[in-house]
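Asks: From first to last, the protein sequence lines stand for chains A, B, C, D and E.
Under the working numbering, the first residue of the first sequence is numbered 14, with each subsequent residue one higher.
Under the working numbering, the first residue of the second sequence is numbered 1318, with each subsequent residue one higher.
Under the working numbering, the first residue of the third sequence is numbered 10, with each subsequent residue one higher.
Under the working numbering, the first residue of the fourth sequence is numbered 718, with each subsequent residue one higher.
Under the working numbering, the first residue of the fifth sequence is numbered 2, with each subsequent residue one higher.
Treat the hints with care, as some may be off.
[Stated by the list, open to error] Distance condition first, Cα-Cα at most 27 Å in a straight line; then the derived DSSO-like pairs of lysine-lysine:
1. 784(D) / 105(E)
2. 203(C) / 303(C)
3. 89(E) / 290(C)
4. 48(A) / 855(D)
5. 290(C) / 268(C)
6. 1941(B) / 39(C)
7. 39(C) / 56(C)
8. 105(E) / 63(E)
9. 53(E) / 322(C)
10. 32(E) / 290(C)
11. 89(E) / 70(E)
12. 39(C) / 203(C)
13. 1941(B) / 342(C)
14. 12(E) / 203(C)
15. 268(C) / 342(C)
16. 12(E) / 56(C)
17. 268(C) / 12(E)
18. 322(C) / 89(E)
19. 39(A) / 12(E)
20. 105(E) / 856(D)
[To be verified] Label pairs and their calculated CB-CB ranges:
21. 1938(B) / 328(C): 21 to 29 Å
22. 285(C) / 828(D): 50 to 58 Å
23. 1398(B) / 282(A): 49 to 57 Å
24. 274(A) / 233(C): 32 to 40 Å
25. 94(E) / 255(A): 41 to 49 Å
26. 255(A) / 146(C): 31 to 39 Å
27. 25(A) / 24(E): 30 to 38 Å
28. 323(C) / 94(E): 30 to 38 Å
29. 1801(B) / 319(C): 56 to 64 Å
30. 41(E) / 218(C): 52 to 60 Å
31. 64(C) / 1801(B): 51 to 59 Å
32. 1939(B) / 70(E): 38 to 46 Å
33. 346(C) / 24(A): 45 to 53 Å
34. 346(C) / 274(A): 16 to 24 Å
[Stated by the list, open to error] Chain B side only, calculated, beta carbon under 10 Å to chain C, not exhaustive:
35. 1516
36. 1663
37. 1919
38. 1935
39. 1943
40. 1945
No lab work stands behind these hints: they were computed from the structure.
Note that the structure is predicted; figures quoted are calculated from it, not measured.
Idealized CB from N, CA, C, for every residue including glycine.
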Amino acid sequence: MSWALVGIGVLGAPLLGGLLFGIDRKITARLQGRKGPPIVQPFYDVIKLLAKDSTYTNRRQVFYLYSHLLWMLVALVILLTRQDFLVFVFALTFSEVSLALAGFATKSPYSHVGSNRELLQILASEPVLVFMAFALYLATGSFLTGGVFLIDEPLLFSYPLLFLAVLLVLTILMRKSPFDISSSAHAHQEIVRGISTEFSGKYLALLEIAHWVELIIILIIVFLFWVKPWWAGVLLALGAYFLELLIDNTYARLKLGTMVRTTWAWGFGLSLVNILYFTL
Amino acid sequence: MTWNQFLLVALALPLVVALLNYLVRLPQIRKGSIIVMALALIASAVWLHTRVGDNAVVLSFPWADLTILILDLAILAYITYVGIERRHPYIIALAVLQLAGLLYIELGLRPDVSEVPSLVIDRLSVVMYLVVAVIGSIICVYALQYMEEHDDRAHPEERKGRFFLWFVLFLGIMNGLIFANNLFWLYFFWEATTLCSFQLIGHDDTRESRDNALLALFLNSIGGLAMIAAIFLLVNTFGGAAASLSAVVNSGLAVLSTSFLIALAFLVIGGFTKAAQLPFQNWLLGAMVAPTPVSALLHSSTMVKAGVYLILRLAPAYSGLPLSTAIAIFGGFTFLAASLLAVADDNAKRVLAYSTVANLGLIVACCGINTSLAVNAAVLLIVFHAVCKALLFMGVGVIEHNVGSRNIENMEGLAARMPAMMLVVSIGVFGMFLPPFGVLFAKWAAMEASIREPLLVALLVAGSTLTALFWTKWLGRMLSTYPREEEEVQPVSMPGYYVTSLGTLALGLVLLSLGLPAVVNGLVLPSTMTWYPPAIQGMSGLNLAAFSWANYYNPEIILGNAVVPEGLFPLGLLFIGLLLMLVIPMAFFEPEKERVGDIYLSGENLDEGPLPLYFAGAMESPSKVSLGGYYFRGVLNDRTVLSLNIVAAALMVMMIGVVAS
Amino acid sequence: MPSRTVIPFGPQHPVFPEPLQLTLTVEDEKVVEAVPSLGYVHRGLEKGAELNDFVKNIYLAERVCGICSFMHSWTYCSCIEELLNIEVPPRAEYLRLIFAELSRVHSHLLWLGLYADAFGLESLFMQCWRVRERSLDMQEAAGGGRVILSACTIGGMRRNLDEDMRRAFIKEVAEIRRDFERLVPVFLNDYSIKKRTVGVGVLSKEDAQSLGAVGPTLRASGVRSDARMLGYGPYKEMDFEPVVEEDGDCYARGVVRVKEVLQALDLITRALERLPEGEIKVNFRGRLKGEVFKRMEQPRGEMLYYVRASRNKNLDRFRIRTPTFANIPPLLKMLPGCDLSDVPVITLSIDPCISCTER
Amino acid sequence: MNLVHLAQAKSPWVLHYDASSCNGCDIETVACLTPLYDIERFGAVPIGSPKHADMLLVTGNVNHKSKRVLRNIYDQMTEPKVVVAIGICATSSGVFHQSYNVLGGADQAVPVDVYISGCPPRPEAIIDAIIMGAEKLKKKWKEEEHPVKRSNQGSDTERSTADVG
Amino acid sequence: MFQAMMPTVLKNLFNRPVTREYPYTYREPFKSARGRLVLDMRECIMCTACEKRCPAGAIEIKRKEGLYKFDPYSCVVCGACVEACPEKCLEIDSDWRRPVGEMKTEVWHIEPRRKKADTA
Ligand code: SF4
Ligand code: SF4
Ligand code: SF4
Ligand code: SF4
Ligand code: SF4
Ligand code: SF4
Ligand code: SF4
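Using the sequences plus the hints, can you model the full thing?
Replies: Structure representation (structure tokens):
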């Protein structure tokens, strides 16, 4: 891969992610029996936000918000260039930590609670991703993401349980019900909009764009479970995406404690059992 | 410079400076002598680094053996005296047992140690010496200013003299410890660090500090006893020649006798106590009552590092044995448990202490994994952890003096009041768990190496996520400011000593991380090369030696084109990320053009004007928004600590069981 | 010292459609203290009513609340009717019952939707409101307004129901029931909803009684109490039996309302089938004098009206005690000790209606 | 900047505040979100924080207590922003005009851009108002300042029976 | 049931959305709906019955000047005035008023005419 391709990836991912978000809103609307917004709605939103005036409460908030987007992109680049998956998880964590710090930087009770919840979401989701790195190593003999392209059998076949665990944490990463507790697409939250309560204008737009990138990252993670032929992986990713939408629309939002308990018991358990089974 | 001259600088100079400060209590003398000593130590470290090659330097001073023995007995006698005076039966018992053991070995077994080299200086010692000398010296400079501000009620000058006596002595003893090869010498330095830490923890002479000093003495005496037991087993079975660290290490699998293995286990347990592994962590937490430079010294470069240093050094000896796996699991468990406890604490210094315990656990786990990658990761962790922790402790010390509290909650909004400290602490915290800093690199290597033990993988994964939780939580509290707080609050200015010491360390941390390949190739790999030559990499073929400068910053590798089979830490890419993180906000953020907005308080803000963060509450009364961190006390409380300790103790018993069977 | 967070929860807050402030003190995320602050929608309606001609007050009473608007006008009108000794024709009384129960259907469906939103199940909210639109169409077709009907007047009704419409209504009610029954199992059985509501915000029978809870909040705690049991209007002919649940948690309160929707649909069908022929309005004359006190069951519980008059056209005193007013003390009993995420669920579980509480 | 204009008209994020209504208007506003009306078709989504909102939907009269809140929310919204007064209470004060605690319509607290009458207005009418408000949003973009209109005295439409008859 | 919502959402997905496409399609309001008050003042005799019955104070009559002011932004469309008017000048229409950017009062100048009673 050359720099140019990486550049295309970095620019293209948000666009694709935005489009997928538009489709998400359309499908969600249809699941609720509504017509829903046009598919390009996320782009309208972000362009509008970019043109809107913005306020900030202090400089560090702005700094960490940029850092959130930036490290999300770094994580994307690591993934796109098929590098070390463990490092990818670290970069993703840095991105989420930055977001939490951006929320903490304002002395707003809503952001504060949101940031704390974000941290617990990291706590809930990161282990499974790290396990995935180990699974990659065990299956391919390398921590590099590129390894999955070298083996013939899809990762899914050796790690069905881990795949389930990944699906479980995808709900968290995609901020979908039942685990959309730190900030959700839907406004009706007990903590208003959580971390993003204090962002406005272009800063909110930055956050939205970061979410788009995050979505692409998430889909790539699913894709890795079945890379050969490539369309199988794409189908798998889209299937998982649709499944998340269904779950989002049929589950009530669960509570913080339930989330941590569920992901640690099931996510951890399933991954570990699968990895142990694989090594034996 | 000759070796003798070097030893004069490394061992005798601190002793002299310590005594000088105790006897002549003049601030000018104190400052001058300590700064000179610091510079001399740093210079000697550089000299040592250039001087020691792949072959260890062996130095023998048989004439000093008797002196060492007498000093040993003196220390033990003193500890017994303390135990009697403070009516602590366990300390008395432990000290008397050690005394009896030592006397029995010397008089009953009469080992012939004339063949045993007193000191051996190899590359690992060089790494340790660099850590102790450089970081220790910087802490000394910091302490000069800190102790000026420290509240010593009566006879301030006398107390300062006493403080610097033990403080500087500590450095010298630590230098001895990392060179010692003769087990009796090692034991002496070991006990001397115990003594120094006892004196320093009790420095404030309050009830609390005296109690905690006693606790440290008690728990470390267990380690001392373990060491005596190990020496006894070795000398009893193999004769005097076995009382040599290098002999123990090099004998390796050749002497697979039970008593050798048990001796090995005892030595490791001795290391556990010093390294404050669960269930011995309490002395380190109690030590937090001491003045901050002491904590910084204990955590970063001396006491606890002595513990892991010993375990690390012994790693080749137990390589491939069940003991090794047991150590790995034990370390992993400590890593997880300490991280968990750190989440529930709101005392900044205790959080740092738990984090130290956790990281030492990780180092121990690496030693237990015992592959080239893992052991190199352990060395790297020792180096970077020392830098970060020294920085963090010193930062917290400054904050504590200004805020008047160690409670994390009281540090809220520090970013506005002490922006410089915020920067320093942020670097320290980022250094502990975020890419591309060294600790994370080492953690990455450790995790990739841990693939050998799936159970260990689980422990490390759980522990490392918890790490992110408590660090971010703390940093978040400090960042939290209300709009316009910066304009309203006067930033606190910083004395030169602080700027020098903290600035050096912060800059050093960034530079060391940037130059990771140099650190790996120049320091870390050579220090393990003797036992883990790159040719026989561990099970995971991941080869740290392949990661040269060229590799890290090679665009081809950043782009993932080069085929590196096992794993790769794309340092260059991560640094580009870090750089952009600093540049982009500066480029796009125009604070003048934008409005500072009040925070959202559901429409009931009263914070225009003199009442920041107030909202109209019930009956229109102004109520203040207050924020509190999450500590999960419902789940993590004393009972959790107790059960974790029990599990740790059980693991340790099992470890010995594994060895004995 | 445990660290505590103080959160101003409201008045402007996405989970509350109406302004209400709870100053929440939380530790981690456990609520330690909740202090309410009211008065954001106080309009001085009762005082305003005393300035008016008593006939105009029908329109004012309707606007005590836009949700159970019809019930307010019914209660007000029946107070005046009692003062003036007016005998309301039976057809009008039946029509009133039909509209009142229709209000209950739309009010409960509305609430079930908001409740679903409070625990984050947006699609369920959408479905509840979608069903509710049918009942609004019925109200508009027959009463002239989607939510504020202005159909009730002193002495009877302003709007009649012709035979075609009556038949259409019976059919429409059956369809509402069919649509709603699809959602019933969701409220009763869904795993995630139960996870969020069972055992949350428990109000014991004793507390419910001593703190003066009313309506579904009271009935969900196992107390058989409903003002409709008094048999005002045509209720005496309806064999009315209140819905009672025992557990007193949020889940039980939801179940009570789900069952009440079905019950209300039954009552409407029955009333439509038995609808007597005849006049819908009688003319009245006379002077207002005396005082009257009325209890009626609104969707949210029992409501008290007190009217005193001595001046012919104007009222001397006009007082309303609304159900939410009575349900706030039980709410404050339930909040401490719950999780922050439970606050919206518990608060909404009493179906707070601030506009009537503050009038 | 046609794209920006398009985006602004297509993405009005609404914040609803009940300044002291009877609920009638509130529930009709909420009804606009529901499947039958679905204002998300026009990109309008309800939003919790004023900092994200483009459009403030006010229902109900302004009273002494809600005036400050309304003003505060309005101030926290960033430009461009429009205010829509929904229902008679918010345009004037309807049946509550003689109550002691009622100050009048929403324009007593914030400048109003769109008025919609009705007690309560039908959801269709509210959709009309939101579309109209969204159109106004793009006009307001980067206007220097928003003069605060504090009166609701528009010029009267003069008509006479002679004109009609 | 684990996910009781599933059948409903799937049904929704595969059915057409129920959204009424207002403003692209227009659904006639019910005939009886109270949309807005329309005035036709040709027959008005300035008796002020409507003014007296209006709960919202939307009608203001100045007999001497022949002024009849109606504020559509105060009218709650209750219909009390319609019932009160002897001349059937007022009527409730089922269509609704469109939003405006500026509120305007309807002012009618009513030519002085004799009351109906007089003509009779
Ligand atoms: S009347 Fe009630 S609301 Fe008003 S001030 Fe008194 S106690 Fe408060
Ligand atoms: S008005 Fe009545 S109910 Fe209210 S506080 Fe006073 S006595 Fe109690
Ligand atoms: S409870 Fe009050 S505000 Fe709510 S709908 Fe009923 S009357 Fe209206
Ligand atoms: S109980 Fe609620 S809905 Fe019923 S009249 Fe009162 S405020 Fe209105
Ligand atoms: S306009 Fe009518 S429906 Fe709307 S709040 Fe006012 S009284 Fe209620
Ligand atoms: S319809 Fe009602 S509010 Fe409107 S003018 Fe007539 S009486 Fe007044
Ligand atoms: S009641 Fe009719 S006739 Fe009399 S003033 Fe009013 S509109 Fe004119």
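Asks: Hint by hint, note whether the structure agrees.
Replies: Evaluation of the provided hints:
A distance of roughly 24 Å separates the Cα atoms of residue 784(D) and residue 105(E); the hinted pair therefore holds under the 27 Å criterion. As the CA atoms of residue 203(C) and residue 303(C) are separated by approximately 38 Å, the hinted pair breaks the 27 Å bound. Of the pairs offered as hints, the one joining residue 89(E) and residue 290(C) holds, with about 21 Å between alpha carbons and a cut-off of 27 Å not exceeded. Restraint check for residue 48(A) and residue 855(D): the C-alpha separation of about 25 Å stays at or below 27 Å, so the hint holds.
The straight-line distance between the Cα atoms of residue 290(C) and residue 268(C) is roughly 33 Å, outside the 27 Å bound, and the hint therefore fails. The hinted pair formed by residue 1941(B) and residue 39(C) meets the criterion: a straight-line CA distance of about 19 Å does not exceed 27 Å. A distance of roughly 41 Å separates the Cα atoms of residue 39(C) and residue 56(C); the hinted pair therefore is violated under the 27 Å criterion. Taking the CA atoms of residue 105(E) and residue 63(E), the gap is about 18 Å. The hint holds against a cut of 27 Å.
The suggested pairing of residue 53(E) with residue 322(C) holds, with an alpha-carbon distance near 13 Å, which does not exceed 27 Å. For the hint linking residue 32(E) to residue 290(C), the alpha-carbon distance of about 22 Å falls within 27 Å, and the restraint holds. Of the pairs offered as hints, the one joining residue 89(E) and residue 70(E) holds, with about 17 Å between alpha carbons and a cut-off of 27 Å not exceeded. Pair hint residue 39(C) plus residue 203(C) holds up; C-alpha atoms about 20 Å apart against a cutoff of 27 Å.
Between residue 1941(B) and residue 342(C) the alpha-carbon distance is near 24 Å, which keeps this suggested pair within the 27 Å criterion. Taken as a hint, the residue 12(E) and residue 203(C) pair is honoured in the structure, with Cα atoms around 23 Å apart against an allowance of 27 Å. Taking the CA atoms of residue 268(C) and residue 342(C), the gap is about 25 Å. The hint holds against a cut of 27 Å. Taken as a hint, the residue 12(E) and residue 56(C) pair is broken in the structure, with Cα atoms around 51 Å apart against an allowance of 27 Å.
Using a Cα cut-off of 27 Å, the hinted pair residue 268(C) and residue 12(E) holds, with the two alpha carbons roughly 24 Å apart. Restraint check: the Cα-Cα separation between residue 322(C) and residue 89(E) comes to about 26 Å, which is no more than 27 Å; the hinted pair holds. Simply put, residue 39(A) and residue 12(E) have alpha-carbon atoms about 15 Å apart, close enough for the 27 Å limit, and the pair holds. Using a Cα cut-off of 27 Å, the hinted pair residue 105(E) and residue 856(D) holds, with the two alpha carbons roughly 22 Å apart.
Checking the proposed 21 to 29 Å range against residue 1938(B) and residue 328(C) shows it holds: the Cβ atoms sit about 28 Å from each other. As the Cβ distance of residue 285(C) to residue 828(D) is approximately 54 Å, the hint placing it in 50 to 58 Å holds. Restraint check, residue 1398(B) to residue 282(A): a C-beta distance of roughly 54 Å satisfies the suggested window 49 to 57 Å. At about 38 Å, the CB distance of residue 274(A) to residue 233(C) agrees with the hint of 32 to 40 Å.
Under the hint 41 to 49 Å, the C-beta atoms of residue 94(E) and residue 255(A), about 47 Å apart, fit the expected range. Take residue 255(A) and residue 146(C): their Cβ atoms lie about 34 Å apart, and the range 31 to 39 Å holds. Checking the proposed 30 to 38 Å range against residue 25(A) and residue 24(E) shows it holds: the Cβ atoms sit about 36 Å from each other. A C-beta distance of roughly 33 Å is found between residue 323(C) and residue 94(E), which places it inside the suggested range of 30 to 38 Å.
Take residue 1801(B) and residue 319(C): their Cβ atoms lie about 59 Å apart, and the range 56 to 64 Å holds. In this structure the supplied range 52 to 60 Å holds for residue 41(E) paired with residue 218(C), their Cβ-Cβ distance being about 59 Å. Between residue 64(C) and residue 1801(B) the Cβ separation comes to about 56 Å, which falls inside the hinted range of 51 to 59 Å. Take residue 1939(B) and residue 70(E): their Cβ atoms lie about 45 Å apart, and the range 38 to 46 Å holds.
Here the CB-CB span from residue 346(C) to residue 24(A) is close to 51 Å, well matched to the stated 45 to 53 Å. Range check, residue 346(C) to residue 274(A): about 19 Å between beta-carbon atoms, so the 16 to 24 Å window is met. About 33 Å separates the beta-carbon of residue 1516(B) from the nearest beta-carbon of chain C, more than 10 Å, and the hint is not met. Look at residue 1663(B): its Cβ gets to within about 7 Å of chain C, closer than 10 Å, so that hint holds up.
Annotation: residue 1919(B) was flagged as interfacial toward chain C, and the flag holds, the nearest CB pair being 5 Å apart, inside 10 Å. A cut of 10 Å between beta carbons decides the hint on residue 1935(B): the least distance to chain C is about 4 Å, and the hint holds. A distance limit of 10 Å between C-beta atoms decides the matter here; for residue 1943(B) the minimum to chain C is near 5 Å, and the interface restraint holds. Using the Cβ-Cβ criterion of 10 Å, the hint placing residue 1945(B) at the interface with chain C is satisfied: the shortest such distance is roughly 3 Å.
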